[in-house]
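Colleague: Let chain W serve as the given structure and place chain X on it in line with the hints.
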Amino acid sequence: MIFNYPQGLFLLLLIPLIILLHSIRIRRNNTRVPSLMLWDQVLKSSSRRFRLKRILENLNLLLQILAAILLILALCRPGFFSKPSETRHLILILDTSASMKSRWNGKTRMDEAKGLALDALGDLSENSEALLIEAGARPELKTTFTADIEKVRGAIRKSLATDEPGSMRDTFLMALSLADSERGDEVWIVSDGAFETFEEIELAGIKVNFLQAGGEGENLGITRFQFRSLPDRLEEYEILLAVNNYTSREVVAPLTLSIDDLPYMSAEVRLQPMEDRTLIFPYEGLIAETAEAEIRVKDDLNTDNKAYAVLSQSRGIRILLMTDGNPFLEAVLELYPNARIDRNIPSLDYADYDMVVFDRISPPPLVRGNFLVIDAPAPEIPIRKGETVQNPHVSSWDRGHPVLDSLSLSGVTIARADKIYAGEGVKILASSRETPLMVAYESRGIRLVYIGFDLLQSDLPLRTAFPILIGNILRWFYPGSLTSATRQVQAGASYPIIPREIKLDIIDPNGRKTTIYTEESPYLFDKTETVGIYTIKGQSTEESFAVNLSSREESNIHPRFRWKQEKEIDSEETTVLARLSRPLGFIFILLTLLVLLIEWFYWVKKW
Amino acid sequence: MDNRLFDPSFLRKLEYLKLVAGRLHRGERRGEHETYRKGTSLEFTDYRSYQEGDDFRYIDWNIYNRLDRLMVKLFAAEEDLTLHILLDDSRSMAFGQPSKIDCACRMGAALGYIGLANLDRVGVTTFAEELGDSLPPHRSRKHIFSLFNYLSNIECEGTTNINRTLVNFSLRSKRPGLAIVLSDLLDENGFEEGLKALLYRNYDVVLIQILDEEEIEPGMKGALRLIDSETGHRRKLTADSTILKLYRDRLGRFFKKIEEFCLSRGIEYMRTSNQVPIEDLVLKYLRQGMHLH
Chain W
1 MIFNYPQGLF LLLLIPLIIL LHSIRIRRNN TRVPSLMLWD QVLKSSSRRF RLKRILENLN
61 LLLQILAAIL LILALCRPGF FSKPSETRHL ILILDTSASM KSRWNGKTRM DEAKGLALDA
121 LGDLSENSEA LLIEAGARPE LKTTFTADIE KVRGAIRKSL ATDEPGSMRD TFLMALSLAD
181 SERGDEVWIV SDGAFETFEE IELAGIKVNF LQAGGEGENL GITRFQFRSL PDRLEEYEIL
241 LAVNNYTSRE VVAPLTLSID DLPYMSAEVR LQPMEDRTLI FPYEGLIAET AEAEIRVKDD
301 LNTDNKAYAV LSQSRGIRIL LMTDGNPFLE AVLELYPNAR IDRNIPSLDY ADYDMVVFDR
361 ISPPPLVRGN FLVIDAPAPE IPIRKGETVQ NPHVSSWDRG HPVLDSLSLS GVTIARADKI
421 YAGEGVKILA SSRETPLMVA YESRGIRLVY IGFDLLQSDL PLRTAFPILI GNILRWFYPG
481 SLTSATRQVQ AGASYPIIPR EIKLDIIDPN GRKTTIYTEE SPYLFDKTET VGIYTIKGQS
541 TEESFAVNLS SREESNIHPR FRWKQEKEID SEETTVLARL SRPLGFIFIL LTLLVLLIEW
601 FYWVKKW
Chain X
1 MDNRLFDPSF LRKLEYLKLV AGRLHRGERR GEHETYRKGT SLEFTDYRSY QEGDDFRYID
61 WNIYNRLDRL MVKLFAAEED LTLHILLDDS RSMAFGQPSK IDCACRMGAA LGYIGLANLD
121 RVGVTTFAEE LGDSLPPHRS RKHIFSLFNY LSNIECEGTT NINRTLVNFS LRSKRPGLAI
181 VLSDLLDENG FEEGLKALLY RNYDVVLIQI LDEEEIEPGM KGALRLIDSE TGHRRKLTAD
241 STILKLYRDR LGRFFKKIEE FCLSRGIEYM RTSNQVPIED LVLKYLRQGM HLH
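Protein chains in written order, with our numbering: chain W, 1 to 607; chain X, 1 to 293.
Among the hints, erroneous ones may be present.
[Said to hold, decoys possible] As a list, the in silico SDA-like pairs of lysine to any residue whose alpha-carbon atoms are at most 20 Å apart:
#	chain 1	residue 1	chain 2	residue 2
1	X	Lys221	W	Trp600
2	X	Lys236	W	Thr31
3	W	Lys44	X	Thr231
4	X	Lys221	W	Ser46
5	X	Lys236	W	Leu43
6	W	Lys605	X	Leu246
7	W	Lys44	X	Leu246
8	X	Lys221	W	Asn29
9	W	Lys503	W	Thr541
10	X	Lys221	W	Arg28
11	W	Lys298	W	Asp276
12	W	Lys605	X	Thr238
13	W	Lys44	X	Met220
14	X	Lys221	W	Gln41
15	X	Lys221	W	Trp603
16	X	Lys236	W	Asn29
17	X	Lys245	W	Gln41
18	W	Lys605	X	Lys245
19	W	Lys44	X	Lys245
20	W	Lys44	X	Ser241
[What the hints assert, rightly or not] Cβ-Cβ distance ranges computed for the label pairs, FRET-style:
#	chain 1	residue 1	chain 2	residue 2	range
21	W	Ile587	X	Glu260	56 to 64 Å
22	X	Leu283	W	Asn29	36 to 44 Å
23	W	Val604	X	Pro277	35 to 43 Å
24	X	Glu260	W	Arg28	32 to 40 Å
25	X	Glu130	W	Asn58	40 to 48 Å
26	X	Glu130	W	Val604	43 to 51 Å
27	X	Leu283	W	Leu62	50 to 58 Å
28	W	Asn29	X	Glu217	17 to 25 Å
29	X	Glu217	W	Leu62	30 to 38 Å
30	X	Asp240	W	Asn127	55 to 63 Å
31	X	Glu259	W	Lys605	27 to 35 Å
32	X	Pro277	W	Asn58	42 to 50 Å
33	W	Asn29	X	Glu259	27 to 35 Å
[Claimed, not checked] Residues of chain W clear of chain X, computed beta-carbon distances all greater than 10 Å:
#	residue
34	Gln64
35	Ser229
36	Asp260
37	Arg368
38	Ile507
39	Asp508
40	Arg512
Don't read these hints as lab results, they were simulated from the structure.
Note that beta-carbon positions come from the ideal geometry of N, C-alpha and C, so glycine has one too.
So here's chain W without its partners, still in its complex pose:
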């Protein structure tokens, strides 16, 4: 037995105090008796059982001392130091980030990692349990705790390295949340270690083992590939390319750039060891769809030797304006060179337009689309108009909302506004003390911004905030609608799809198809684990986007994580930290109560 709080044993010094209290001369009552003749005989006869009598006379004292000892021991938090049981609970983290595709000794790091993971499971005894988490861009739980180790082995064998940058810290935190330190759970990280050490691993308080897969590696990679159109210059672009040398030697890397499958440029880039070089190339001309950059080197990781870009040349923005006349609004909309504005055309399908504006005209029942409604009730939308408020002042606005990004509504004068009663799903964007003034709503394929006052009865159109507001609204409805931009995301990140049809097929670079049915806009597509060009196909639409590794940290495949001998928790310490000495304090308290009960019972019986 061990005592987790041995300092409490000093309380045993109080035992003499109990004895002292008992030894205080008992006050005796003087009682006259006719004769001591019989009493002497009684005393003589009782002294024959002297030892037992003394014990029985002092039994209360002895029981009180025993109770005090038990209580003090309980306060010392006793427990049994238990050897670790044969049953183990193992949390296995398998690194599936892009660096695990690196080649090493004729195989990939992932192959070796899987072998190490399977070996680790081989040491588990019966009734042990294991759990598998894959560490890619996001942690992914592949199995829960199961005694069916074969199931875990099967999941390991199925694991594949991705093109995603890893997030080992997030995965470790997830593992910690699943671990039971009192049970002695262990976390085993199987990885190439190509990530920085994080402090949470040192503070975990749980046994952590690290199995290194692979060794050193050499890699050159493209960590950034972007197109940018020049302002006010159609068909003129800048191409930005970042290349990193994560080798220990100087490298001359041939670089090629293709646009729309046509070679555009080739060059040699000389890079010093560990050098990071950013290259910018001008481009003039039409771009239909895709660009591809490649460095032709033999290194240990191929994933970042190519990068892709899909240009979304700003196509026309279709706007339907339903108004009795609003020169300010029309002027702002006409500022966008790619805006095509239709005026007062009744339409059955507002989804054909990127934005429909109802300026002081009540819209019909809205089904799908993006709407800007100004000072008019919108049926079937949970926004109700109330009484008129005179001269409301804008007292607050939601600076974090994309619609109000980078603008200020301070001091805007409004002659009158109708009180807005916002229902479920309506988000207040700006308000006065009396009423919300601007709200946003999105649900069931509808995105709507509602302005509760007549723009012509306000000085908002005269302020710089107004064109920013309209631009923000357009971008919120349709990201990328206003400028040319490369449509790409990092591997593992979600790509926002603006669905123009309910059913869409998304084909990845390996030809695998994913079909989605959605009315959400945007729809966040997250199956981006492979670098390359993805195609989104609808019945009448088709577009593409690119996925790249784009990660300096991941392209640096040198093992950087340190967790072995110098950081390994000492086994003794592990025992203390991770193995709970079975607490006995409660039992000691129960025993104390039992002894006190016996002492009370004996005292009562005695008298």
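Modeller: Same frame as chain W, now just chain X:
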């Protein structure tokens, strides 16, 4: 002692009770009792088996010759009875409520009254550590007042020495008779020798032990310092259920010892407590004795 407890009706009842001695005694004047005396001038009445100490002269050798058994002749003559009331007035008798000495004096007064009513001689002697002043035996009803007066002036003093005092009494008295010993018998030196001395001197002995209810069933508990009312000696005692049980056990053995002794010696023994009314005691308990009928 309160004489008013003896109301006239009770006294009239007592008048009709008679004391009968266990043995016949020689007396100066003719009384109402038969007494057995060994002698030829008396009327032969009976035989009885020889007992150790009998005068060989009264052995009937004819019976021995015929029956091969030793038998002595008995002669009878009526004689008066001398009632000796021996009253323990040691300090232990002052204990109780009412005190034991109170009960003893009432008992003595009642028995003395009966004796006097039966023309017996009645005398009272107190004893504690030594024999106290006596009221010599007298006959006649006038002696009642002296008796009551004597009894009412008894004070409890000194320790108890039953053996020595009764032995001295037995040696002193010239006229044995019925000795009624009223005491609590709480004498660590014992009582047997004293009673045996009385028997040896041909007294008929009635032993009446009077105890306080608290002595029979002590209600004390806790840490106590017991003080002997006679000697002043002290004992520390923690009265708990075990100790009290031991006391009752000892008391029982004490009573049994007294009973066995008295039974073996032909001594009438009665035990009472100070809570029993004297009238009931005299009428009921003494009637059970051989001395009243």
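Colleague: None of the hints should be skipped; say for each whether it holds.
Modeller: Results for each hint:
1. X:Lys221 <-> W:Trp600: 18 Å, holds
2. X:Lys236 <-> W:Thr31: Cα-Cα ~10 Å, so holds.
3. W:Lys44 <-> X:Thr231: 19 Å, holds
4. X:Lys221 <-> W:Ser46: Between Lys221 (chain X) and Ser46 (chain W) the Cα gap is close to 16 Å, so the pair holds against 20 Å.
5. X:Lys236 <-> W:Leu43: Holds. Lys236 (chain X) to Leu43 (chain W) sits at ~9 Å (cutoff 20 Å).
6. W:Lys605 <-> X:Leu246: 16 Å, holds
7. W:Lys44 <-> X:Leu246: The hint holds at about 10 Å.
8. X:Lys221 <-> W:Asn29: Holds, at about 10 Å.
9. W:Lys503 <-> W:Thr541: 11 Å, holds
10. X:Lys221 <-> W:Arg28: The hint holds at about 10 Å.
11. W:Lys298 <-> W:Asp276: With a Cα-Cα distance of about 18 Å, the restraint between Lys298 (chain W) and Asp276 (chain W) holds, given a limit of 20 Å.
12. W:Lys605 <-> X:Thr238: 14 Å, holds
13. W:Lys44 <-> X:Met220: With Cα atoms ~19 Å apart, Lys44 (chain W) and Met220 (chain X) stay inside 20 Å; holds.
14. X:Lys221 <-> W:Gln41: 18 Å, holds
15. X:Lys221 <-> W:Trp603: Answer holds: Lys221 (chain X) to Trp603 (chain W) is near 13 Å, not above 20 Å.
16. X:Lys236 <-> W:Asn29: 10 Å, holds
17. X:Lys245 <-> W:Gln41: OK: Lys245 (chain X) and Gln41 (chain W) at ~13 Å, within 20 Å.
18. W:Lys605 <-> X:Lys245: OK: Lys605 (chain W) and Lys245 (chain X) at ~13 Å, within 20 Å.
19. W:Lys44 <-> X:Lys245: 14 Å, holds
20. W:Lys44 <-> X:Ser241: This hinted pair holds, its Cα atoms lying about 17 Å apart.
21. W:Ile587 <-> X:Glu260: 56 to 64 Å: Hint holds: Cβ distance 59 Å, inside 56 to 64 Å.
22. X:Leu283 <-> W:Asn29: 36 to 44 Å: 40 Å, holds
23. W:Val604 <-> X:Pro277: 35 to 43 Å: Holds - the Cβ-Cβ distance for Val604 (chain W) and Pro277 (chain X), about 38 Å, lies within 35 to 43 Å.
24. X:Glu260 <-> W:Arg28: 32 to 40 Å: Between Glu260 (chain X) and Arg28 (chain W), where Cβ atoms are some 36 Å apart, the hint holds.
25. X:Glu130 <-> W:Asn58: 40 to 48 Å: About 46 Å separates the Cβ atoms of Glu130 (chain X) and Asn58 (chain W), which means 40 to 48 Å holds.
26. X:Glu130 <-> W:Val604: 43 to 51 Å: 49 Å, holds
27. X:Leu283 <-> W:Leu62: 50 to 58 Å: 57 Å, holds
28. W:Asn29 <-> X:Glu217: 17 to 25 Å: Taking Cβ atoms as reference, Asn29 (chain W) and Glu217 (chain X) lie about 18 Å apart, which means the hint holds.
29. X:Glu217 <-> W:Leu62: 30 to 38 Å: 32 Å, holds
30. X:Asp240 <-> W:Asn127: 55 to 63 Å: 58 Å, holds
31. X:Glu259 <-> W:Lys605: 27 to 35 Å: 33 Å, holds
32. X:Pro277 <-> W:Asn58: 42 to 50 Å: Holds, since Pro277 (chain X) and Asn58 (chain W) (Cβ atoms, about 47 Å apart) stay within the stated range.
33. W:Asn29 <-> X:Glu259: 27 to 35 Å: 34 Å, holds
34. Gln64: 17 Å, holds
35. Ser229: At about 107 Å from chain X, Ser229 (chain W) clears the 10 Å cut-off, so the statement holds.
36. Asp260: 111 Å, holds
37. Arg368: 95 Å, holds
38. Ile507: Consistent with the label, Ile507 (chain W) stays out of reach of chain X, its closest Cβ about 97 Å off (over 10 Å).
39. Asp508: 93 Å, holds
40. Arg512: Holds, because the least Cβ-Cβ distance between Arg512 (chain W) and chain X comes to about 92 Å, which exceeds 10 Å.
The structure agrees with every numbered hint stated previously.
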